[in-house]
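Here are the chains, one letter per residue:
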Amino acid sequence: MINDKDSQKIVDFIQNFARKQSLFVMAYGTGCGAIEIPATMTSRYDAERFGIRGAATPRQADVLLITGYLATKTLKRVIRVYEQMQEPKYVIGFGSCTINGGMYFDSYNTINALEQYIPVDVYINGCMPRPESVISGFVKLQELIQQGKADNGKKYRENLEWYRANQKKIIKNWKMPDYNW
Amino acid sequence: MIREKETTLYLGPQHPGITGNMMVKLKVQGDTVVKAATHVGYLHRAFEKLIERRNWLNAFTLLCRFCVPEPDPMELTYARAVEELDNREVPERAKYIRVIVMELARLQSFMLWYAGQAGSAGLYTLGQWSVGDRNYILDLFEELTGGRIYHMFIWPGGVRRDIPEGWKDKVLKTMDYLEKRQDDYNQLMFDNTIFQKRAQGVGIVPKDKAIEWGVVGPPLRGVGIKSDVRIDEPYEVYDKLNFEVPTAEGGDIWARALVRKEEFRQSISIIRQALEKMPEGEYTNKVPNPMKWVVPEGQAWAKTESVRGEIGFYVASNGTNKPYRVHAKGAAYTHGVTVLEKILPGQNIADVSFIMNSLGVCPPEIER
Amino acid sequence: MTELIKEQHLLDTITNTFKLKGRVIRDRRVEVFADKELVSSILLFAKNQQGFIHLAHMTCIDWIDENKFELIYTIWSPVEKIHLFVKTKIDRENPEMENIDSIWDQANTYEREMREMFGIQFPGLIGEQDFVLEDWDEMPPMRKDFDTAKYASETYFQRPGREDAKDVRETISERSGTKVPDFAKKYSREK
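Chains as they are written, first to last, in the working numbering: chain A, 182 to 362; chain B, 49 to 416; chain C, 388 to 578.
Don't take every hint at face value.
[Said to hold, decoys possible] So the derived label-pair ranges between C-beta atoms look like this:
| id | chain 1 | residue 1 | chain 2 | residue 2 | range |
| --- | --- | --- | --- | --- | --- |
| 1 | C | S489 | A | W343 | 49 to 55 angstroms |
| 2 | B | G214 | A | G307 | 23 to 29 angstroms |
| 3 | B | N396 | A | K349 | 45 to 51 angstroms |
| 4 | B | Q176 | C | A571 | 35 to 41 angstroms |
| 5 | C | S563 | A | D193 | 53 to 59 angstroms |
| 6 | A | R225 | B | K75 | 39 to 45 angstroms |
Derived from the structure by calculation, the hints contain no laboratory data.
The beta carbon of each residue, even a glycine, is placed where N, CA and C say it ideally should be.
With the hints as extra help, turn the sequences into a complete structure.
Written out as structure tokens, the structure reads:
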């Protein structure tokens, strides 16, 4: 029954519908964008209306929010966090710094384009993005999930070598467990 | 018998209780901390290097990002250092506007502190209230400067814009509201037995060592030493305004919380006075063409009082259109490293983030 | 400038004790220039006998044209309410400076940062080699001859800019098939 093409469609629809309604955001403030997260989560903007809420550990989280610039030292931790997350997992690049380096384009310690190191589903531009744009970014992500287009966890697994090569170019001392699950 | 074996515990960088992207490496025995070491660098963006590549005004876009919860003191401190180097006068009205901006920044930062301090004790309601109310101050900022978090509003020679029409009344209305709301916050925080039990006698900064360790701001006032840049070295128009510098005895988290609670009141009172006394006139002197602006050779040091303590900027110019060297020192530079490493041993693991919140450890300020 | 008696007195005390040059910059600001061997004794003297108990700041400036590093110790007296700047210049080749973290514990942090950012050695300094950076094998980055833009463009992926020189609103509206709002038309670059 489940192998039937049409029933699979229905199962996918229900799965995606359920997934998009409960996005647990990894509570890791990697950069200065983390200051707008409390505002987004609390009473005025109340992101929990959309099923967005915090998760304390990577293994319980669905969304990794990269809030702003990534120093190379943090990039290593972010990769570790991302690899610990269970699929399906999504990444939101938050702020101009994740897109092209923003105002830190010439800094020796921050990366300039996030999707070279981990796959990104949605970018939210601005410095700093307002809570409204954060929520609109999440809504965009929900649309992608509903359409079944947000499968970057799979993409990362399949292109692991390419990502690893990029990551190792920056992180010189690579002492991390293998990503094998 | 309990095994008295030392374990290493890495608190952070990914940890919900930590006050930002940093790591505290703890040696623990049971759940008592034996040794602590701060590890920073997760937010290092090389500001000081980048400012050397920007011109004197462009530096402001970077400067305000030094510390996220309270960006305005950075702008003011740098602007004052540049004014000293270039002998620029500031109109009287601009000085009052600067004071209002600074105190609004203090208020919104205090509200974040309320949320963090209570949140690390498990009192999440207060966070919902104070961070929600903080939006009212950010709205005022947005109307005045155009930005919610980062303003880039203060510049050498004045401020960027005059206050808009009707803004004054909105500020007064917000202040009335916040004054009422603060009673609610205090009720949730100071009347709560959990908070009392956890805060009293925890995280004590010894009085005789405090200045030597580089403690500044509310933690220093919390040990009973009356020290505030606003009265020690008055800048802008702080010498024309009446305000108290509260102190408390004990040096524990409770004392620091009491100091901050009273400072919140004082900030509201300062804003009211400044709005009342603000004269008419120009809001800025002419700022030269930033591409051609050459600041004379020299070095200047300026410091201001932020929520966490004194913030100082050392600015050196070699007579070109770019700063030669800008070095910032925030309060967290000492609070987050020396002081934290010294007072953590002997505390509980559960109290670590509680203590960090009360010291005002802001990692981007440490590594910049 | 006639009222600076306190500052002048302090300057005279220190310059006469150590035979130094110095000046009163303005009210609450006094600076003295010292050789690097004298710095720690001046700081100890100021701390123990003149009441400068707070180390406000320590910094280093790279004067590459002179081939010198300038180290500046800013100390503050809560009683007199004066800043004293103790300035010294050391050689840029194999820079070495006395470690003062026995005078102020917090100096340790500044010195660790300077060791990493400028490559100045402080004999006897406790603390891990890495303070801010991790696995850094280039020249100490805050030195003036380190080119951060070059390093960034060689190391990190640079996203190419947009090829059309249009206003960003027009690009977005073309991409998404919506109309540019009227208020945004005045920013258009196609006149």
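Consistency of the hints with the structure:
1. At about 52 angstroms, the CB distance of S489(C) to W343(A) agrees with the hint of 49 to 55 angstroms.
2. Range check, G214(B) to G307(A): about 27 angstroms between beta-carbon atoms, so the 23 to 29 angstroms window is met.
3. The given range of 45 to 51 angstroms is broken by N396(B) and K349(A), whose C-beta atoms sit roughly 40 angstroms from each other.
4. Taken as a hint, the range 35 to 41 angstroms holds for the pair Q176(B) and A571(C), whose Cβ atoms sit roughly 37 angstroms apart.
5. Against the hinted window of 53 to 59 angstroms, the Cβ-Cβ separation of S563(C) and D193(A) comes to about 27 angstroms, which falls outside the hint.
6. At roughly 42 angstroms, the beta-carbon separation of R225(A) and K75(B) lies within the given 39 to 45 angstroms, and the hint holds.
Consistency note: the structure conflicts with the earlier hints numbered 3 and 5.
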